[in-house]
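Colleague: Position chain B relative to chain A; hints supplied.
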Amino acid sequence: MQKKTSSLPIIHATLATLLLSLAIPVLAHEGGASTSPKDGVTIQDSPAEIGIEFGGMMRITQFEVTGPDGPVPLDGQPGSEQVERYVVKPGEILSAGGYQVHWRGLSDDGHMMSDGFNFSVEP
Amino acid sequence: MILVAAGVYLSALVATGAVLFRLAFPQLPEHDRRHVARMGVLAVWAGIILILFQWPLEAGYLGGGNIAAATNPMLLGIVFEGASGTRLILVVTGLLLVQAIQLNNLALSKTANSLSLVGVLLVMLAFVQVGHTVNTPRLVLAGLLIIHLMAAAFWVASLWPLFHLVGQHYNHGNTARILTRFGQLAMGGVGVLVLAGVTLATLLTGGLTPLLTTAYGQFLIGKVLIVAVLLLFAAANKWRLVPAFESGDATAPRRLQRSIALEVVLVVVILLITAVLTRVTSPNG
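Sequences listed follow chains A and B, in order.
Here this note's numbering is used: the first residue of the first sequence is 803, the next is one more, and so on.
Here this note's numbering is used: the first residue of the second sequence is 771, the next is one more, and so on.
Here chain A stands alone, though its shape is the one from the complex:
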């Protein structure tokens, strides 16, 4: 009967290791993505382009820019092929105010990604 209990700490230890191991797949990703305009900046004029650059290949499936007047029309969207740099042009001159960019995509290693950034245009 004593042997029964010997499996208990082993079960716990295994559980602990499983916990550790399952965290591993989330380790550093296409890190260091840079955006245009930079996240959080205030720019003087309407930007010529809005985009994001990744550390690896990314398939963007959604890219939206929302401003004070609602969704911003975008030109030159590259589609959903794999890219390292995804850039669009605003379909209109951006008026003063805050803008939020949201995107979703599929990374090269199969992870679904979602992120965004903000910038402001000075009055």
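Just so you know, the hints here were simulated from the structure itself, not pulled from any lab data.
Please note that a few of the clues may not be correct.
DEER-style ranges, computed between Cβ atoms [to be verified]:
1) B:V1035 with A:P870: 47 to 55 Å
2) A:V889 with B:T856: 23 to 31 Å
3) A:G878 with B:A838: 21 to 29 Å
4) A:Q879 with B:V811: 42 to 50 Å
5) A:E894 with B:L965: 56 to 64 Å
6) A:E855 with B:G937: 52 to 60 Å
7) B:W825 with A:K840: 31 to 39 Å
Far from chain A, some chain B residues (derived; all Cβ distances over 12 Å) [what the hints assert, rightly or not]:
8) L773
9) P796
10) L822
Reference excerpt, derived from the structure (chain B facing chain A, CB under 8 Å, subset only) [to be verified]:
11) E828
12) Y831
13) L832
14) G833
15) G834
16) L845
17) G852
18) A853
19) S854
20) Q899
21) V900
Backbone N, C-alpha and C define an ideal beta-carbon position, used for all residues, glycine too.
Modeller: The following block gives chain B in isolation, referenced to the frame of chain A:
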């Protein structure tokens, strides 16, 4: 989506682990063998249904989180063409093959066992299609993760059968033998899990500095802290339950059952957390 992902992980681990458990315990009583078989079949079909359901869910997420996106042929195509599609094919094929072990109920035939083991391997291969183990050195990382997952699957699938065995009031001798063997196998399994886990962590993070400086690394440290708490909990259980068993405490089996039930709950929680972290991540952590 998170629930479905966690369900896929759990189903795949239980379905494959049930095969490993049956092969590890050929002397399992008929009643318990049928019990493990039922658990395996249930896990197989739950896994197949869930991973098929995951396909439109992923398309829906990529298209902005709406039903129209979930049924958009282009988005469904993008998901299927990618690593997720490969994983889906491997999981479904693997889980169907895993059931081969059910073909021979009375004696484990070599062919059925081999087919089931091929199925187990396919399901494990599916898990290395998505995530950081696709990076270089891929063979090493994938190999480590497969060994790691097989040990985890064996353990996860063992919980429910052990729970039943402990609760039986007959054939104590056989139950004790099975538990002893499980203890021996689990000891080896823990070694493999730790070794593979530490090696994977080292290879993937690139050392101590990234652990401290990246959000992912900090999260991993947080996980290790939870691990430490769990080990303390394990030690406390050991010191409380061992004397109870030694003194022939009649409540000991029930307490052991409760402890195993807690393990099951914790596994579910861990898989849910894992699903949150592996399904939806951002480049900046």
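Colleague: Tell me, in ascending order, the numbers of any earlier hints that this structure violates.
Modeller: Going through the list in order, the structure violates no hint and respects every one.
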